[in-house]
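Enquirer: With my numbering applied, the sequence shown covers 1 to 491.
Certain hints may be false.
[What the hints assert, rightly or not] Under the rule of at most 30 Å between Cα atoms (straight-line distance), these lysine-lysine pairs were calculated in the DSS-like manner:
#1 Lys-277 to Lys-307
#2 Lys-413 to Lys-427
#3 Lys-307 to Lys-348
To be clear, the hints were calculated from the coordinates, so they are not data collected in a lab.
Note that the structure is predicted; figures quoted are calculated from it, not measured.
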Amino acid sequence: MYAAGEVTGEEDEASAVTYYQRACDGDGAWGCDNLAGHFYEGTAGLQSDKTKSAELFKKACSLDHANACTWYGYMAERGEGMAEASIETAAAFYEKACELDDNAGCRNLGLFYLYGRDGFLTDSEKATQYLNKSCDLQNGDACNILGGAYANGKINGEEDEATAVAYYQRACDSGEMSGCGYLAWYYEHGKGGLSVDLSKAAELYDQACEGGNAGACNSLGTMYAKGEVSGEEDEATAVSYRQRACDGGDMWGCGNLAWSYGHGEGGLEIDLAKAAKLYGQACEGNVGWSCYRLAHMYGSGEVTGKKDVVTGVAYYERACDEGYMWGCHDLGWSYLHGTEGKRVDVDKAISLYERACDSEIGSACNFLGMIWEGEWSASVSPDLKQAELFHREACRLGFPCGNLFYFLRGEMKWEEAANILYKELEKSPSDSTFGELEFLRPANLRGEVLRALQRKLRDQGYYSGKIDGDFGPKTKSAIKQLCKCDPPALN
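The whole structure should be built from the sequences, with the hints applied where relevant.
Expert: Rendered as structure tokens:
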């Protein structure tokens, strides 16, 4: 009552401490627990004393005060107020707290089994047992953790998004705003057995954002920018949510806000200095994409007014280290060519391009194809099998298939080269990865490869002329019929 101001009309923590002490001396668990909290925080006129705090929490726990058991476990886990940390001791007190139905104790012990700690091997069954109990006791964070564990396959060894959604719903219902944000993502993308419901997604993102989840503010901003909330792109509202996200500590929000400043979107004036500052902030927050954008800005002179390739390359490296594969791609270019700040190192370039290619960046696969053809360095012995493999992968990933065509033509694989051309011609010019169909110039189509294309055109009913390798009127007409276009290269 003294602490709540119900005696004198004003909060009186000092008097409250006196009564907490008397209660604790009489084995009143609540008194010990409250007194321990004040010693831990150094409040109510007391000096912070972690040793005293630990002693009081331990006594309260011995009197079956569940919260005190969890707190003593927490301090033991970190070695606060005692000689050294002890995971074994922490687990024992979390176990008792959980037996006394303290949801935080159950959650903390569940985390030990989920991720493993000193002396604790991962045990998905026990992790689920304790986290489920915590979730049942209305600990929204535990529900949220279980959602993530099922989504990432840590429980059953395989991803289970439907179960994840159920736990995210429970987390959200318990007031855990991260759960609302994750649930919104599943509605936005139609995953976990849910149908796409952009209205529901926006509602949940808004709920989470208003509840202090900065990541949800950023996601809602993205939805406004894409026109997924009102049906029309709304960059101004997107900017306001990105600002809220950034202010709330979400680094993706800072990066997206930087983009808005850099491009003058959402009613903002272009402000490259502000953009660079925000990209830098997001990069320091481990957002690789922002490191990559900042690298571009330094390289193009948008930060200092002069091109600064050395700093730009350093940020490409940072982007790559953060797992943003375009950063690895551009860093590979720096090692391949020996740009400022990096000596030529083809082996390093190959390693970086391989990482980017494995992440399905077609341009990286294309560079690997050219490197293994022996086009870049005398230090690399040509390996045409490798070259073909990477050129095919680049084409599969949507990178212009021209280099695959030229490679196949050079290897005298006429039919395959012709098939590449035919598939590109079937696309509209705007969809073709050859760009304006430049490959159709007579210098590129001659001899056997043109004969192979004529056969393909004839087999599909477009060509009725001779298979003569002549780039004549009938061949040109057949090509125009197939692509429904009139490429300048044919005229």
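Enquirer: Hint by hint, note whether the structure agrees.
Expert: How the hints compare with the structure:
{"no.": "1", "hint": "Lys-277 to Lys-307", "result": "17 Å, holds"}
{"no.": "2", "hint": "Lys-413 to Lys-427", "result": "22 Å, holds"}
{"no.": "3", "hint": "Lys-307 to Lys-348", "result": "24 Å, holds"}
In this structure, none of the earlier numbered hints is contradicted; all agree with it.
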